Amino acid sequence: MAATRVRGHRAAHGAARDLPGGTLVERVRAALDRHRQAGAREPEHQTQNGSQNDSGSGSSAGSANSTPNGGAEHHAQDHADNHAENPGLDETPGQAAGEPTDGRRAWDIRTDDLWCTVTPRDHVLPAQGWKIHVSAATGSAAAVLDRVCDVVVPRGVPFKLAAGTDLLRMLNSREADRSSSGKFITVYPRDDIEFVELVDALDLATRGMVGPGVMSDRACRPGSIVHYRYGGFTHRSRLGNDGAYRPTLTAPDGSLVEDSRAAWFSPPPWAPDPLAPRHARQGADGDGGVLVAGRFAVTAAIRHSAKGGVFVGTDTVTGADVVVKQARAHVEVDHSGRDARAALRHESALLERLADTGLTPAHVALVEQEGTLFLAQERISGTSLRAWVMRHAGTGPRDPGGSPDVPWDLARTVVAELVGVVEGMHRAGLVIRDLAPTNVMVAPDGRLRLIDLELAADAGSFAGAAGTPGYRAPEQRAVPRHARGRGRGVHPVSPEADLYSLGGLLFLLATGADPGLPDDAEEAATGSRSTVERIGPWLDLATRYGRTARLLAPAVRGLLRDDPQQRWDLVRVRAHLDAVERRGGTPVPAPGRVRDAARPHPYHAPASRPGHGSDLDSTHNSDQDGGSARIGRVLADSLVHLAESMSPDRRDRLWPVTPGGAAMDPCSVQYGGAGVLGVLARAARTPTLAPALRDMLVERVRTASSWLRERAAREPVALPGLHFGRSGTAWALMEAAELLDDGELAAHAAEMALRVPVRWPNPDVCHGAAGAGFTQLRMWDATGDDRFRQRIVACADGLLAAAREHGDLMLWQVPKDFDSQLAGAAHLGYAHGVAGIGAFLLAAGRATGRGAYLDAALAAGRTLSRTVRAEDGAAWWAQGPADPPGVRLAHWCSGSSGVGTFLIRLWDATGDPVLRDLSEQAATAVRRARWHSGTTACHGLAGNGEFLLDVAELSDPGGAEVYRGYAEECAELVAARSASVGGRLVPCDETAVGISASYGTGLAGVVGFLLRLRHGGPRLWVDPVDAASRLGGMDTMATEPPAAELPGAQHCATESPAAEAPAEAPPAEAAPAEPRAEARSDAASAVVRDDAKTEGGHAA
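Following the working numbering, the numbering of the sequence shown begins with 68 at its first residue and continues without gaps.
Derived from the structure by calculation, the hints contain no laboratory data.
Do not rely on the hints blindly, as some may be mistaken.
List time: in silico EDC-like cross-link candidates among lysine to aspartate or glutamate, alpha-carbon distance up to 20 Å [as the list claims (entries may be wrong)]: (1) 883 - 325; (2) 883 - 872; (3) 883 - 309; (4) 883 - 818.
Computed Cβ-Cβ distance ranges for the label pairs, DEER-style [to be verified]: (5) 188 - 274: 27 to 33 Å; (6) 770 - 217: 45 to 51 Å; (7) 424 - 366: 25 to 31 Å; (8) 271 - 242: 31 to 37 Å.
The model shown is predicted, which means the values in this text are computed figures rather than measured ones.
We put the CB at the ideal spot given by N, CA and C, even for glycine.
Starting from the given sequences, assemble the full structure and let the hints guide the process.
Listed below in structure tokens is the structure:
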């Protein structure tokens, strides 16, 4: 019973708890009552089938009751217990629905966030088999459910259904994951015999009823709403090497294989289809062949979605390039009952209607094939407005800080074209209703054309809620009172909605970013901020640096007003643009720079900032500087939000996550509780925070530590990675133990770290050996236990053995046969490549005094100096050395921020000026990238800001002020992208429209950055050892004879690769103490400096 995937952001734990499932659940209960009252009994042949199932006879290797591993059946109670991972509105504990009084079957009904599960009590459920999915159009869901219940209830067959009509609407929408789309009811047969009987009975009972196809399944016959696939019945999964839980099946040989959830029918090869004789299979199931309607040769997909794909191809009649849009039946049904096919017919008619305007592609043909509709239209040369903006934003004459916007000389033409396009559509009597950057094409001659017109409607008509988040007007989302009775979310179509969307596009040109923020979550009496109030701080920051931003800001504010009657009309927009032209494109003066004086902090020392966090109520702040006060408020508010959003009663996850984290290890740093716990523990130890807030955080740390211990104990797999593995869990628990002064918890954290493998095929920080090594350093620093020193040595030696020469570069490659999405990768960045591995080797050298590790770190630095992509004083890196020349990455995971994190520490160890220069150029790149970055630690402003603080802390006072100022700029942008939640300002996560807690992709990483910016301290997950206090700095580190020709030194090239080493190496023998010598010697420094080649003053 796998979790259903629905695209879009739903970070809150109770994602579907507000769905009105009562009607459907009540119909299930009524069906059970009817069965009881009719005195229906289980058919005798069902009991016989069950007996066959118990004996194991009459079953093929791939049958539902076939459990190749033996004894792999699970009681229905175990099946239902899967929902304990997502507890919802369960029946009264111990009370079965429809409890009989005469010995007949009792049923359990359990309802959670997504599903209502209906199971006969004490039913024996196979672990896997052929499952049946019944789809339904939203409007016919109740009738379909009644028919299905009439089939399965008398037979005592367990089933589940979508918990409410709202969830079914999502499952039938374009937002549904294609592998989950259409799955309204799932039925679990006992064996293959019952499977065939149920398929026939359900198909007969639902004949003539309609529903979408289920792309992961095969329909039992053409046109039927009954589908089937082979898969798991119970929740069986294993933690994969990348830190994600993967559903599994048991193969006939007893091995576990992945339960593939592809968007096409793909049973395992050892599970023969019981209905195969009925199918004369022709071509692929699902979307059909590559030749549509015998005319259009499809060559590539632009995108796939549950409602249908969009493809590029050739018209074989004319030879012209075309775009072919697909619409599947009974998907994306709107308020009037129209599905995606009707919407595509509507778009086809509009293209013909607008043929003479030049605003849209030319219509080619509307064709139908096997119940699916296709629209072929002219393929427009050029690029989407979004891609055009991303290419040109920040490319104009800029001050040292970079500009956020598209240069005015380019933007002015696009702005005029946008106004003209909207005017043209309104003259034609149409409202676009989805004027978004992906729906506008920029031709090579600068002209704009509209695509994807399926939402366009006649002015004055009525339409359902729709549009692109950030660009759709508020009235396209709300349910106006005057529309009652016309359908849920229906509103009158008005041209003013396009004016709001136009304002969103001008915001994009002014800032290089979408105007998307999470919705405020306030009590009705308090009221939410208007759109202009919410985006105001963000737009104000852009106007400091961008000429286009300053020119367009008045129009943006005028167009993005929530009240349609208050918005600027096109006449006023044109008047504003004309005034700009008369002034020669000269904007009003930019607002003054607003921030407090940047002050350097001693490395790892807290800053004394009176007035920051002086009270648990963060709205009271004595700092009179507006930008700084907002940062301080966001920090305190976010800490409270993290404390209050913890859900320790849940077994699956302690804090809300983004959709990408739903299947990930809930105890990890990246997506799980460990990342949040580490930040809260650091915050609770910060003396300059308010005492009341610290007391709250201490209690939350205590609770979270207990939860993590219990949850981690239930997972037998101990992955080594720092951000996706158990190393991060152990580190976080040690942080908590030190805060709580809990020796038993510290011992538990240490034992957990000792169970982590330190040799692993993946060498990186996030998933692999280098991440394990960092935690061993943290534990050695915390405990002094020599076992950790031995494991540090074993880990570092393994990484030396895994290093490989690639020309003049030293790289670490994940083995190609390793079961990982990273198999074969050889990255440069911190999360997965050279920079992170080099950082560990440097830290290991500092801690152990082994010069070989420093030599390898220097070789890593030389590799990064050779792969830099320097441009205009900024240093960028690609993901890998073979990436196309235009790739420029700036973030911690892969890019300047992560590479710089390593290089600035390597400079601190060696004093090499080339490394310092590269680090500062990386800081320049990070600063320029801030406008077009998200908020988060992994690939956003928080991680970038942490690196800028690194540079500040390792600079002289003048440099420290500069780089702290850059970090403050990142913090200001983070604070500007906040929602008000219960009166508290909380920044958005990586989705830009939601709030979640995860360290790598959500709030915890942001809080960690802001906490360090305001209060100092070491960088969490990066600095495991306070080298200055332990060893007196690198000046006292021992060095061994240099490994002269790294990369390619003999000890790196001749030993077995890590992939061939055991997953866990035995502890190394204790090494004798080595003599200490100067580490910043000219010879060591020259390993990088003499080998670095420069062009134009920049490392090449």
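Do the hints match the structure? See the list:
no. : hint                  : result
1   : 883 - 325             : holds (19 Å)
2   : 883 - 872             : holds (17 Å)
3   : 883 - 309             : holds (14 Å)
4   : 883 - 818             : violated (32 Å)
5   : 188 - 274: 27 to 33 Å : holds (32 Å)
6   : 770 - 217: 45 to 51 Å : holds (48 Å)
7   : 424 - 366: 25 to 31 Å : holds (29 Å)
8   : 271 - 242: 31 to 37 Å : holds (33 Å)
Hint 4 from the list above is the single one not met by this structure.
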